[in-house]
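Peer 1: Residue-level listing of the chains:
Protein chains: 4
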Amino acid sequence: MANFKGHALPGSFFLLFGFWWSVKHPLQQSWKRRQHGGRKDFPQLSKRIDFIEGIIKIFFAFVGIMAEQFVPDGPHAHLYNGEWVKPMNWQHSTMYLFYGISGIADVLSVSSLPVPAGLDRFALSLALFMEGFLFYFHVHNRPALDQHIHSLLLVPVFGGSASTMLEAFMRGNSLLELIRSSLAILQGTWFYQIGFVLFPLNGEDWDQESHGNIMFITMCFCWHVAVALLIVALNYSVVWWVTKRCGGGHNMDTEISLRKTTHTDSSSQKALLEESDEDI
Amino acid sequence: MANFKGHALPGSFFLLFGFWWSVKHPLQQSWKRRQHGGRKDFPQLSKRIDFIEGIIKIFFAFVGIMAEQFVPDGPHAHLYNGEWVKPMNWQHSTMYLFYGISGIADVLSVSSLPVPAGLDRFALSLALFMEGFLFYFHVHNRPALDQHIHSLLLVPVFGGSASTMLEAFMRGNSLLELIRSSLAILQGTWFYQIGFVLFPLNGEDWDQESHGNIMFITMCFCWHVAVALLIVALNYSVVWWVTKRCGGGHNMDTEISLRKTTHTDSSSQKALLEESDEDI
Amino acid sequence: MANFKGHALPGSFFLLFGFWWSVKHPLQQSWKRRQHGGRKDFPQLSKRIDFIEGIIKIFFAFVGIMAEQFVPDGPHAHLYNGEWVKPMNWQHSTMYLFYGISGIADVLSVSSLPVPAGLDRFALSLALFMEGFLFYFHVHNRPALDQHIHSLLLVPVFGGSASTMLEAFMRGNSLLELIRSSLAILQGTWFYQIGFVLFPLNGEDWDQESHGNIMFITMCFCWHVAVALLIVALNYSVVWWVTKRCGGGHNMDTEISLRKTTHTDSSSQKALLEESDEDI
Amino acid sequence: MANFKGHALPGSFFLLFGFWWSVKHPLQQSWKRRQHGGRKDFPQLSKRIDFIEGIIKIFFAFVGIMAEQFVPDGPHAHLYNGEWVKPMNWQHSTMYLFYGISGIADVLSVSSLPVPAGLDRFALSLALFMEGFLFYFHVHNRPALDQHIHSLLLVPVFGGSASTMLEAFMRGNSLLELIRSSLAILQGTWFYQIGFVLFPLNGEDWDQESHGNIMFITMCFCWHVAVALLIVALNYSVVWWVTKRCGGGHNMDTEISLRKTTHTDSSSQKALLEESDEDI
Chain A
1 MANFKGHALP GSFFLLFGFW WSVKHPLQQS WKRRQHGGRK DFPQLSKRID
51 FIEGIIKIFF AFVGIMAEQF VPDGPHAHLY NGEWVKPMNW QHSTMYLFYG
101 ISGIADVLSV SSLPVPAGLD RFALSLALFM EGFLFYFHVH NRPALDQHIH
151 SLLLVPVFGG SASTMLEAFM RGNSLLELIR SSLAILQGTW FYQIGFVLFP
201 LNGEDWDQES HGNIMFITMC FCWHVAVALL IVALNYSVVW WVTKRCGGGH
251 NMDTEISLRK TTHTDSSSQK ALLEESDEDI
Chain B
281 MANFKGHALP GSFFLLFGFW WSVKHPLQQS WKRRQHGGRK DFPQLSKRID
331 FIEGIIKIFF AFVGIMAEQF VPDGPHAHLY NGEWVKPMNW QHSTMYLFYG
381 ISGIADVLSV SSLPVPAGLD RFALSLALFM EGFLFYFHVH NRPALDQHIH
431 SLLLVPVFGG SASTMLEAFM RGNSLLELIR SSLAILQGTW FYQIGFVLFP
481 LNGEDWDQES HGNIMFITMC FCWHVAVALL IVALNYSVVW WVTKRCGGGH
531 NMDTEISLRK TTHTDSSSQK ALLEESDEDI
Chain C
561 MANFKGHALP GSFFLLFGFW WSVKHPLQQS WKRRQHGGRK DFPQLSKRID
611 FIEGIIKIFF AFVGIMAEQF VPDGPHAHLY NGEWVKPMNW QHSTMYLFYG
661 ISGIADVLSV SSLPVPAGLD RFALSLALFM EGFLFYFHVH NRPALDQHIH
711 SLLLVPVFGG SASTMLEAFM RGNSLLELIR SSLAILQGTW FYQIGFVLFP
761 LNGEDWDQES HGNIMFITMC FCWHVAVALL IVALNYSVVW WVTKRCGGGH
811 NMDTEISLRK TTHTDSSSQK ALLEESDEDI
Chain D
841 MANFKGHALP GSFFLLFGFW WSVKHPLQQS WKRRQHGGRK DFPQLSKRID
891 FIEGIIKIFF AFVGIMAEQF VPDGPHAHLY NGEWVKPMNW QHSTMYLFYG
941 ISGIADVLSV SSLPVPAGLD RFALSLALFM EGFLFYFHVH NRPALDQHIH
991 SLLLVPVFGG SASTMLEAFM RGNSLLELIR SSLAILQGTW FYQIGFVLFP
1041 LNGEDWDQES HGNIMFITMC FCWHVAVALL IVALNYSVVW WVTKRCGGGH
1091 NMDTEISLRK TTHTDSSSQK ALLEESDEDI
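Protein chains in written order, with my numbering: chain A, 1 to 280; chain B, 281 to 560; chain C, 561 to 840; chain D, 841 to 1120.
Read the hints as simulated data drawn from the structure, not as lab findings. Keep in mind that the hints are not guaranteed to be accurate.
As the list claims (entries may be wrong) - Okay, derived cross-link-like pairs now, BS3-like style, lysine-lysine, Cα gap no bigger than 25 Å in a straight line:
hint : chain 1 : residue 1 : chain 2 : residue 2
1    : D       : K864      : D       : K1084
2    : D       : K864      : D       : K887
3    : A       : K5        : A       : K86
4    : A       : K244      : C       : K592
5    : B       : K524      : B       : K312
6    : C       : K646      : C       : K565
7    : A       : K24       : A       : K47
8    : C       : K804      : D       : K887
9    : A       : K47       : B       : K524
10   : C       : K592      : C       : K804
11   : C       : K565      : C       : K804
12   : D       : K1084     : B       : K327
I would like the entire structure built from these sequences, with the hints used as guidance.
Peer 2: Next comes the structure, spelled out in structure tokens:
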């Protein structure tokens, strides 16, 4: 997939998931806060959403593997015929496989089976790690700019893997959810950036060895980080504004003041639990 | 032990322990859940199992050290006679030594002595670290493929060391137990893979410098990860199905629903403890 | 800004913030302790101070970006005209941008909006990470001493990023606040040191390739660490002495003895909370 | 101090402290357990011991700095006279300085001043980090064996720094205390090993470039780890045996059984606290 479309496609997927997470998580947080005032239908709905998300991941992963294998110039499930057949397609299939496993873990986690707590986050963290692992050995022996721009992709990939692994142990931490959403969006926009630089739409190739280009790309990466934060901030604001509008804010204010005076996250959770006891 | 058998033997040990852990831990979790409904004989049995596991580790380590020293072409406990005698055999003996220490720590931890909590996990983590430490300085000055395939072994070794070290502080976390089991199985299957690649059974040697071979081996490692996860998932499912069948599930359902609504692992443990108080 | 002033300016900012934090945090801790004895006006005041700090950061960042862009030899917001225009100025603008974002996060965190707990610390950690990230790719292709002295700057930058990230999850931990203050002061004094070495005021250039100079600079860095600790220790002492003088110490002594007998930080916080309940 | 004595001296200090810690900490743990049965004089005694330890550290550090500066061939507090005067002595003085700061932090932590919890552990961690930091830039441009044997010293140095830093946040964790004791002993014995290898007492120099020697030294390091663990285990056993003999064990047994059935360290601490309430 060494063309613009081959970078735009995974980029779109990561953008889509990052965008969706940056809507889902503030919505969940807002529901959770509201729930203490009486409405108890939240966990069921939240589970159903996670179930659908898992199914979509499995579907995308399956389609991805099939596409990589059975496109006209693909390996058609042949691995070796004297030499290795289409190693790139096989590598991409392997990456999709782990996102598929992550989808399966999502589905298992919302089922009634006694799976270990945090399995879904661990599986997502593993999928990101595997993507980074394969990319790491993927970028050797290339021109300087190509290698640099691909290496920078490892920042959101391994960063996302680390923060998602932390989530396996600190589930429901809104900061980690925000970081995961931002890094997914960052990975998405950076895939597009790689596409624009290596396969420029206007046909003017970038100088692959220019130190100035490498310096600019490094700085450009920082701007992508800022843009990813901006998108997540906008989504959080919109969700906050909509839920405030639609949901009425009858016991919202007390909770916000609660959150502001408590200091650590864990203590705030305890405080909220106690508050909800008093409400009932 | 530079032959196929020399890689199959340690591979079998790790496979055996990984397989055993992936049966033992879901069994313990299931017993722990059941125990709150009345049966109190679990801790005693669990201790006895850990004791036997420790003894087996000590025995294997002792046999391993003796074998490395007193095989016909071994050093027979001679270290230096003008030059270092059989450094490989001495290195393998040293690795076994630390697994033996880990076995001793297992036995001490289930004894009535006031050993620090988490000593057994720390000793296992140290044994893995020492194995990785010796391997790291072991693989220099070899052909590219040989070096790469041995380096990949360091992923489950150091990964296992890190996750087991975490267990010393977060004991009984089922996700970490699952990770440890998977990484042990991964190490086992990868030892076999090294054996198959470096000493092919059909006699056709792999090209040690081919970039295509290195790319394939990297991807193949990812498939081993997937297979290790699959084996662990199967064992967990079988244990779950068997314990559900045999044990009756009288207060199982309430507990599962409990686990699903609580958010962090620690809070779920607290909830379970409180539940058990109510049961009694 | 490759001159002495260009290093003294950012150095002064970091010195200023480090100095301010090493006064603010012991003051907050002392207020918090006092507050349990009755006075409840602390959280409001503390919020207002954090708000002003955020506004000042935004202002400094805005001025910094404008200055870098519109100084006579700046890029005047031009990015590309056949080649990249003034990449250094653009890089510095990018660094300022993230400190501006950190200021915005500070302001949001004290507002009444339901932002994730720890967002302000995360944004500061990110700003430091971005500074280190740009510096890391900034120092290639320079003389040995220049490269070494800039690399040492990465110790307080990445160290500060890590400790501030920890604060996002362990808010109000006084040790982490002390570490952050010290590392900010260290970064400040080290910027001055870089200025003195690379642009000596007396005009005698340092030998850029001398091994002795590199050894001395390494040791000198350690002395800066000691000086930063000394400054923070002095500020803590002065604040402690002043609050003891001015505030009267009516229930101070009991609290100190409390702090000394409890073992972990978290348990001490619980103890303090219970103490405050008894007081009321 | 490039001779045998120059390595034996610091080695003896680390051995001494490691040995002392491996006696002090099990004693403290045993006192803490006993204390719940009634005797309340423990915290006062424990504080006094920590105070004396701090004073001894400050004294040793002061003597060390003076000795490095004013030995006949030392720099006599001269830093620069055209070239850097005796950089090695200055570096060693700097290392001692941070151990002196660690001693001051120990004294402050047992005083009645409101210093941040964990300051003493942080200062010790910093002293170890600084030692490792200076060593890291110290070993360049040397023969292979010299460089390798010095690099291995960084394992206990940075390992000790990391584990002590963890102790700043998980104070009183007996596993971390055991690790710190072991790593101090390891550092001590390894200093002796460096002395024996680089300045052999029998006058037969080691071949500095032999790969066999490097392999042996790597393995020898593992044996030092095993010996350090053995020494710590012996000290723990002796302390346990002596306290059991002398102290009578009236409520010892119940506590041990308590420790064995509880799972995480923190929950066990809570359980002990509740137990002690019932005792009273």
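Peer 1: Run every hint past the structure and note whether it holds.
Peer 2: Against the structure, the hints:
1. A C-alpha spacing of about 15 Å is found between K864 of chain D and K1084 of chain D, which places the hinted pair at or below 25 Å, so the restraint holds.
2. Note on K864 of chain D and K887 of chain D: the hinted pairing holds, with a Cα-Cα distance of about 12 Å set against a maximum of 25 Å.
3. Of the pairs offered as hints, the one joining K5 of chain A and K86 of chain A holds, with about 18 Å between alpha carbons and a cut-off of 25 Å not exceeded.
4. A C-alpha spacing of about 33 Å is found between K244 of chain A and K592 of chain C, which places the hinted pair above 25 Å, so the restraint is violated.
5. This hinted pair checks out: K524 of chain B and K312 of chain B have alpha carbons roughly 14 Å apart, not beyond 25 Å.
6. Distance check on the hinted pair: K646 of chain C and K565 of chain C sit about 18 Å apart at the alpha-carbon level, within 25 Å; holds.
7. Distance hint between K24 of chain A and K47 of chain A is fulfilled; the C-alpha atoms sit about 12 Å from each other, no more than 25 Å.
8. At most 25 Å may separate the alpha-carbon atoms for a hinted pair to count; K804 of chain C and K887 of chain D meet this at roughly 24 Å.
9. A hinted pair counts as satisfied when its Cα atoms are at most 25 Å apart, and K47 of chain A with K524 of chain B qualifies at roughly 24 Å.
10. Proximity of K592 of chain C to K804 of chain C is assessed by CA-CA distance (about 14 Å); at most 25 Å being required, the pair is judged to hold.
11. Between the alpha carbons of K565 of chain C and K804 of chain C the distance comes to roughly 40 Å, so the proposed pair goes past 25 Å and is violated.
12. For the hint pairing K1084 of chain D with K327 of chain B, the CA-to-CA distance comes to about 24 Å; that is within 25 Å, so the pair holds.
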